[in-house]
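Protein chains: 2
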Amino acid sequence: MKPAEVLISEVGPRDGLQSVKATMPTADKLRWIDALVAAGLREIEVGSFVPPKLLPQMADAAEVVRHALTHPGVTIMALVPNLRGAEAALRSGVHKITIPCSASEAHSLANVRKSRQEMVEEVRAIVRLRNDIAPGVKIEAGLSTAFGCTLQGIVSDDDVVWMAEQVVGAGADEAGLSDTTGMANPAQVRRLFHKVRAAIGDKTGAAHMHNTRGLGLANCLAAYDVGVRTFDSSLGGLGGCPYAPGASGNVVTEDLVFMFEAMGIATGVDIDMLIAARAPLQAGLPGEPLYGMTPLAGLPKGWV
Amino acid sequence: MKPAEVLISEVGPRDGLQSVKATMPTADKLRWIDALVAAGLREIEVGSFVPPKLLPQMADAAEVVRHALTHPGVTIMALVPNLRGAEAALRSGVHKITIPCSASEAHSLANVRKSRQEMVEEVRAIVRLRNDIAPGVKIEAGLSTAFGCTLQGIVSDDDVVWMAEQVVGAGADEAGLSDTTGMANPAQVRRLFHKVRAAIGDKTGAAHMHNTRGLGLANCLAAYDVGVRTFDSSLGGLGGCPYAPGASGNVVTEDLVFMFEAMGIATGVDIDMLIAARAPLQAGLPGEPLYGMTPLAGLPKGWV
Chain A
-7 MKPAEVLISE
3 VGPRDGLQSV
13 KATMPTADKL
23 RWIDALVAAG
33 LREIEVGSFV
43 PPKLLPQMAD
53 AAEVVRHALT
63 HPGVTIMALV
73 PNLRGAEAAL
83 RSGVHKITIP
93 CSASEAHSLA
103 NVRKSRQEMV
113 EEVRAIVRLR
123 NDIAPGVKIE
133 AGLSTAFGCT
143 LQGIVSDDDV
153 VWMAEQVVGA
163 GADEAGLSDT
173 TGMANPAQVR
183 RLFHKVRAAI
193 GDKTGAAHMH
203 NTRGLGLANC
213 LAAYDVGVRT
223 FDSSLGGLGG
233 CPYAPGASGN
243 VVTEDLVFMF
253 EAMGIATGVD
263 IDMLIAARAP
273 LQAGLPGEPL
283 YGMTPLAGLP
293 KGWV
Chain B
-7 MKPAEVLISE
3 VGPRDGLQSV
13 KATMPTADKL
23 RWIDALVAAG
33 LREIEVGSFV
43 PPKLLPQMAD
53 AAEVVRHALT
63 HPGVTIMALV
73 PNLRGAEAAL
83 RSGVHKITIP
93 CSASEAHSLA
103 NVRKSRQEMV
113 EEVRAIVRLR
123 NDIAPGVKIE
133 AGLSTAFGCT
143 LQGIVSDDDV
153 VWMAEQVVGA
163 GADEAGLSDT
173 TGMANPAQVR
183 RLFHKVRAAI
193 GDKTGAAHMH
203 NTRGLGLANC
213 LAAYDVGVRT
223 FDSSLGGLGG
233 CPYAPGASGN
243 VVTEDLVFMF
253 EAMGIATGVD
263 IDMLIAARAP
273 LQAGLPGEPL
283 YGMTPLAGLP
293 KGWV
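Protein sequences, first through last, are from chains A and B.
Once you know that position 22 of the first sequence is 14 in our numbering, the rest is easy, because the numbers rise by one and skip nothing.
Once you know that position 298 of the second sequence is 290 in our numbering, the rest is easy, because the numbers rise by one and skip nothing.
Heads up, some of the hints might be wrong.
Copies of the same chain look alike in the list, so a pair counts if it works inside one copy or between any two.
What the hints assert, rightly or not - List of simulated lysine-lysine pairs, DSSO-like, C-alpha gap at most 30 Å:
#1 K187 <-> K293
#2 K88 <-> K293
#3 K106 <-> K293
#4 K13 <-> K45
#5 K45 <-> K195
#6 K13 <-> K293
#7 K187 <-> K13
#8 K106 <-> K(-6)
#9 K195 <-> K130
#10 K106 <-> K130
#11 K195 <-> K13
#12 K45 <-> K(-6)
#13 K293 <-> K130
#14 K45 <-> K187
#15 K13 <-> K(-6)
#16 K88 <-> K187
In short, the hints are calculated from the structure, not lab data.
Note that the structure is a prediction, hence the values are computed from the model and not measured.
Next comes chain A alone, as it looks inside the complex:
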């Protein structure tokens, strides 16, 4: 197998499970994560460190991390919204944490009850803690609503670039761009990644695209075209029917991997085993709708 040329960062066990009503039993989560690893995924966001009262789906985050860490060579990530969550995550042994930092002030206040400037200070405090207790752990700031906001509408490029500079200035190792609301388009993706890279260079992180209006893969292609090499996605497109049934949230890992592999861009992921990983996901969330076209159509004749 060719060495991977892009990194597919699977966010289903966090972003996906956090967005559905049902809580997946821990044993099913572990089986699902094992299947994702077996398919060749090398970075998995396995949980959120948040109060169980707010997100009971994530109450077992430390246990899930502990199991996930038994897989050598896989980067285990967790989301943390604040310093308290960061401390729990860092003590759990994760390799990387991701902090949601809204580019939209309105979304920041609604999502984490902090202004953007306060969130930058939170990043700074988390970096300090990381330096003290777990210096090997990477810190990513995920710039939410980078492409538009359902509360304030348009988010200016300048606001996104400013926020990228702020979080990197506060010590984050990288800043990714998240299309939280499914408002991105390919021209904007190219333009904004260019601008962010001009500002923070190789600290520019992943493209986290949604498929809300069907543009998820086109936006990933656009990001690839301008040099992005890490892409967040979710098996079965789990996570977020923010508007209506059928309007899936996250980009579907199966279709994303198919796109890159078909283009001759190695992902390190085996599509058949990736599709097989839908079974433990579905077993843990009976009746939950899964998305993705490649699993329905199968691989084309002549595929090698």
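Please arrange chain B on chain A, whose structure you already have, making use of the hints.
Then chain B, alone, in the frame of chain A:
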């Protein structure tokens, strides 16, 4: 409204209706076409001229064309598989005919029971007839299975270029590339349109992409990137669940128009009216599943 920079060629009333089992009553077809025109579509493939025994859904093609022609400024197209169909189409008054010409020999024999060379001769005969009885009508050859074939597997670029040269040599005004089987990927789309344009120049026609494995819009973006400006698509993604329910065939017009408009590329199409055109489609095909994410999600906040 900015003048259109891309042409969205709506194929639902032909490609879509031909692929579903139910037959839409003629009156519903006409209402649907009126709604498509009202939304701003300027090219519509309204039917196939084929024996009604083979495709009863298309038995009213001449009547549908007659009505469609009452809309000034709209290019009315029909598909014809052979000389006999072409004669009926040309006498119906259409502005443009499209002839499916497979790049794959296996598909050609299965689809039209002719070899590719025999199909080239059919194009030549149709061109001759057109010159005699309807010299103003444009003739497009749609190169089916240009990106792969479910029968023979891989279709070589050379075969596609050869077929493009043959049909243009036989007098076709343009040759488009069709991803009949949903096997195209963006790298291949860019490469193949480059090669075909190098061979036949500005006789290179539309990109007809399918969404079978979710790559429809990414492939349209790739085609746009290399200069393609005409895109076939189908309202509600109607047409072709060639593999399984949910695995839609044609690119969804609503999502395609949203992508271009969001990128600032004018289509001339009003998205709200386009979404409204789903109502007469659904009324004429009760219970038929429609696809498309933009109609579910709606337009983003701040959209102008």
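* Please work out whether the CA atoms of K88 and K293 approach to 30 Å or closer within one copy, between two copies, in both situations, or in neither? => Answer is neither: 39 Å inside a copy and 33 Å across each miss the 30 Å cutoff.
* **Up to 30 Å CA-CA - K(-6) versus K106, copy category** => neither (44 Å within a copy, 41 Å between copies)
* **Intra- versus inter-subunit Cα pairing at 30 Å for K195 with K13** => Neither way: K195 and K13 sit 35 Å apart in one copy and 53 Å across, limit 30 Å.
* Alpha-carbon proximity between K45 and K195, which holds within one copy, between copies, both or neither at 30 Å -> neither (34 Å within a copy, 63 Å between copies)
* To do: State whether the alpha carbon distance between K88 and K187 is at most 30 Å within one copy, between copies, both, or neither.
  => within (25 Å within a copy, 44 Å between copies)
* Using 30 Å as the alpha carbon limit, work out where K13 and K293 are close: within a copy, between copies, both or neither. => between (38 Å within a copy, 26 Å between copies)
* Classify it for me, K13 with K45: is the Cα-Cα distance of at most 30 Å met within a copy, between copies, both or neither? => Classified as within: same-chain Cα gap 14 Å, cross-chain 51 Å, threshold 30 Å.
* **Within, between, both or neither, where K106 and K293 count as close if Cα-Cα is 30 Å or less** => between (52 Å within a copy, 22 Å between copies)
* To do: Measure nothing new, just compare the shortest in-copy and cross-copy C-alpha distances for K187 and K293 to 30 Å and report within, between, both or neither.
  => between (41 Å within a copy, 23 Å between copies)
* If the cutoff is 30 Å on CA atoms, where do K187 and K13 land: within, between, both or neither? Let me know, please. => neither (37 Å within a copy, 50 Å between copies)
* To do: If the cutoff is 30 Å on CA atoms, where do K45 and K187 land: within, between, both or neither? Let me know, please.
  => neither (39 Å within a copy, 59 Å between copies)
* Asked: How would you classify K106 and K130 at a CA-CA limit of 30 Å: within, between, both, or neither?
  -> within (23 Å within a copy, 61 Å between copies)
The structure is inconsistent with the numbered hints 2, 5, 7, 8, 11, 12, 13, 14, 15, although it conforms to all the rest.
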